[in-house]
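Place chains B and C on chain A using the hints.
Chains as they are written, first to last, in UniProt numbering: chain A, 1 to 205; chain B, 1 to 205; chain C, 1 to 205.
Keep in mind the hints are simulated off the structure, nothing from the lab.
All the given hints hold, so there is nothing to weed out.
Treat identical chains as interchangeable: a pair holds within one or across any two.
Only pairs whose alpha carbons sit at most 27 Å apart, straight line, appear in this in silico DSSO-like list of lysine-lysine:
id, residue 1, residue 2
1, K83, K190
2, K190, K27
3, K27, K147
4, K27, K83
5, K147, K190
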Amino acid sequence: MDIIFYWTDQAGVAVFAVAGTLLAFRKHMDGFGVIILASTTAIGGGTVRDLILGLPVFWAHDPTYIYTILVAALLTIIWLRYKAYIPMTTLQIADAVGLAFFATMGAQKALAAGFEPFIAVIMGTISACFGGMIRDVLARDIPMVLKSELYATTCLVGASVYVLLVPYYPVIALAAGMLSTLVIRLGAIKYLWSLPVFPDHNEPH
Amino acid sequence: MDIIFYWTDQAGVAVFAVAGTLLAFRKHMDGFGVIILASTTAIGGGTVRDLILGLPVFWAHDPTYIYTILVAALLTIIWLRYKAYIPMTTLQIADAVGLAFFATMGAQKALAAGFEPFIAVIMGTISACFGGMIRDVLARDIPMVLKSELYATTCLVGASVYVLLVPYYPVIALAAGMLSTLVIRLGAIKYLWSLPVFPDHNEPH
Amino acid sequence: MDIIFYWTDQAGVAVFAVAGTLLAFRKHMDGFGVIILASTTAIGGGTVRDLILGLPVFWAHDPTYIYTILVAALLTIIWLRYKAYIPMTTLQIADAVGLAFFATMGAQKALAAGFEPFIAVIMGTISACFGGMIRDVLARDIPMVLKSELYATTCLVGASVYVLLVPYYPVIALAAGMLSTLVIRLGAIKYLWSLPVFPDHNEPH
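Isolated chain A (complex conformation) (with noise of 0.2 Å):
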């Protein structure tokens, strides 16, 4: 089981750093901020997770993830040198798909370490979204969790799913915790759902 958690998260530190750089790309970077940027998405909800749940911070002393996250960066740097444009829905999908790993990884890691259900449900969703928004903070846009209205409850979501199952069906509750973050991720985007709370705020202003 161990090594099935291992290879997620490296995939989802993978599909971070594509999708950091890809923003880089979009944001007209160059030079080292592109890495910068791949690196904060990558590793920066991680981070602030094992900060917060008093762990060691898990790629300070594995460098594996800092491979990964170069090798992922340099492939998408060298792709985006032959085809100069990529469609908006390559970034939002590799950004979904991290987030499908992330929540339900932090949510696990919060559970390993003995935490409450409740409390590994909000670590799911702080590894999920929390590197994405540092990376919107340094490339000053307007932070995906604060845009996007459902962009955090899916993590919410896909987090709850896993922790719900997984005393009865630990494989089964990865995928499934996986699978509904990504639906949910990928039908808010194509189908422009959204989570209303301030009626007024419908007429434009």
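This is chains B and C only, laid out in the frame that chain A set:
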């Protein structure tokens, strides 16, 4: 005494969650972004304090803080749905009360963990100001702590009052620390007190 | 050796506090916001490094660092009151010296704590760049680390020089790490060196 500290802390979290929700409303945010902004304001400062002090992050081990945020944010949202207008002063008063709670409680927690009085004063200021600072960065506002010249100084004074009095009168110290923060902050808002450092900045630029 | 490390660290904090104060002045900030910006620049990077390495945060256990910041910021403020104009290069040189100190000292601290050389290089870069990054985010500037293409790379090189030489010549390694960072950074400023990644970004957009 510990039970007083605990409920003071919860009250501070609730008041800051209200302030965060009010700001989210003013910034025309919606959906779960409101809760993110409320939470960041409410527990951001205390989280940074606990991380720097090397203590377990307070809310990770006691979900009650998160429930407090959710209830406070929900009540504020319901209230805002009925009364679409909130005066700016409501937000500023909620914020000032939050500062008063956290400036003293932050200093108290650092002292209790055996840190030096001077570090305790800084920790009170960080607890009080950093939640709002992170919130302002996310909402793309100029952080209050940089814009309003007396903002951080208010917390320094409140935390200092607490740290100076607490060896002699623990309960009075708590009340005096909070009251001095509150009075200076409300005075600064009402009478536009400021703290000039560069004389030539007074001319328009 | 430890005493050399300690005073190098203090010197780095002082230089970055000067750089932070100069930036606050250029951004027309005033009051305590100046001290907040100076402190963030001076100890932000080292704080993030210590948190990620799981070490006690350096300044929380030794208030001398805060006194250093206050004295450095105060002297800079007094100097600015007499001489209302500062050339941009003064700020950039202060910043470059700060980078040189922290890139090597950050790597040194990670190695001393038993982390792998590759992680130590990253920690040097984080120590050097993150303080300025947080400062730029607060001051609503585009972070130098993203804008200036060689900024982070400079720190990577300086930290790598230190890490490669330190097993053989500990004292020379310290000097060589700092000097290489300083020379590359000042060269990049003077001769506008850059590090293009995406060729088509060279056209105006």
